Amino acid sequence: MRWFSIAVCAKSILVSVLASKSRRSPLDSLSRTPYTCAALALLAVSIGASDVKARFISQVYFMSIIDYIAADQVMVGVVSSSKKQLIEQLAERGAVLTGISQRSLFEMIMRRERLGSTAIGDGIAIPHAVHGDLTRTIGIIAVLATPIDFDAADKKPVDIVCLVIGPQDADSDHLKCVSSVAKSLGDVAVRNQLRQAKTAEALLQSLAARSDVAA
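Position one of the sequence shown corresponds to residue 1 (the numbering used here), numbered consecutively onward.
Misleading hints may appear alongside valid ones.
[Said to hold, decoys possible] Listed below are the simulated DMTMM-like cross-link pairs for lysine to aspartate or glutamate, each with C-alpha atoms no more than 25 Å apart in a straight line:
no.	residue 1	residue 2
1	K183	D122
2	K83	E113
3	K156	D67
4	K183	D151
5	K198	D187
6	K155	D169
7	K198	D133
8	K155	E88
9	K183	D72
10	K83	D122
11	K156	D133
12	K198	E113
13	K198	E107
14	K84	D133
15	K156	D169
16	K155	D187
17	K198	D67
18	K155	D133
19	K198	D122
[To be verified] Okay, the calculated beta carbon distance ranges per label pair:
no.	residue 1	residue 2	range
20	A189	P157	30 to 38 Å
21	S82	D154	30 to 38 Å
22	T146	D173	17 to 25 Å
23	E107	A209	30 to 38 Å
24	R114	A202	30 to 38 Å
25	D133	A189	13 to 21 Å
It is worth saying that the hints were derived from the structure and are not from the lab. Being a predicted model, the structure only gives us computed values, none of them experimental. Note that beta-carbon positions come from the ideal geometry of N, C-alpha and C, so glycine has one too.
All chains, full assembly: derive it from the sequences and hints.
Structural data, given as structure tokens:
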């Protein structure tokens, strides 16, 4: 199931690539972006190509999720009744952190969601998008009080969401962040601990502990 989730994430990354590189031909986009190399490797891993897995991990070198998330980027016990409302809440927090308007961030995230859901299965979603006014890649993680429908391929409602937003031309850093989030949240033990966390500090401690184990 974990590799199924990563494969869905890879598909999501490919959709983002083709959308963000729309001025180029699809083949040009597929051959030139680091997103695509990683996405294709992830897809190969998901069907059992262990040699590809080893090369991919050694070349992309997943960073830890905690390299991108601080206490003010954590939302615990979030109450949302819909995907749209949750994205509005994430955009509001993003506006505080980045200085970019909530409306601009909301529209950016929703534009990506209209291309296909960023839910990757097992109650997880990783909405991700880029913005020309951003100067660094950040993550904002939200754990919901009650799961909501996120149009997931496995039909499961979502209660752990990590928004990843970054600069327009920082493909590599954006990829590493999305990859580290997918890796961390793909661990059932991590998901269970996040769902039990009552504070941002407790959530970050759980992520840090699991990152140390993975390292």
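Hinted pair K198 and D187, Cα distance within 25 Å: Answer holds: K198 to D187 is near 19 Å, not above 25 Å.
25 Å limit on alpha-carbon distance, applied to hinted pair K156 and D133: violated (34 Å)
Distance restraint between K83 and D122, which requires alpha-carbon spacing of 25 Å or less: Answer holds: K83 to D122 is near 16 Å, not above 25 Å.
Hinted pair K183 and D72, Cα distance within 25 Å: holds (22 Å)
Pair hint outcome, K155 versus D169 [Cα-Cα no greater than 25 Å]: violated (33 Å)
Pair hint outcome, K156 versus D169 [Cα-Cα no greater than 25 Å]: Violated, at roughly 33 Å.
Straight-line alpha-carbon gap K155 to E88, limit 25 Å: Roughly 22 Å between the alpha carbons, so the hint for K155 and E88 holds.
Pairwise hint evaluation, D67 against K198, where the allowed Cα distance is 25 Å at most: holds (21 Å)
Distance restraint hint 30 to 38 Å, applied to the beta-carbon atoms of A189 and P157: This hint is violated: roughly 20 Å between Cβ atoms.
Hinted pair K183 and D122, Cα distance within 25 Å: holds (13 Å)
Restraint status (C-alpha distance of K84 to D133 at most 25 Å): This hinted pair holds, its Cα atoms lying about 23 Å apart.
A209 and E107 - C-beta distance against the hinted 30 to 38 Å: holds (37 Å)
Checked against the numbered hints given earlier, the structure breaks hints 3, 6, 7, 11, 12, 13, 15, 18, 20, 21, 22 and 25 and satisfies all the rest.
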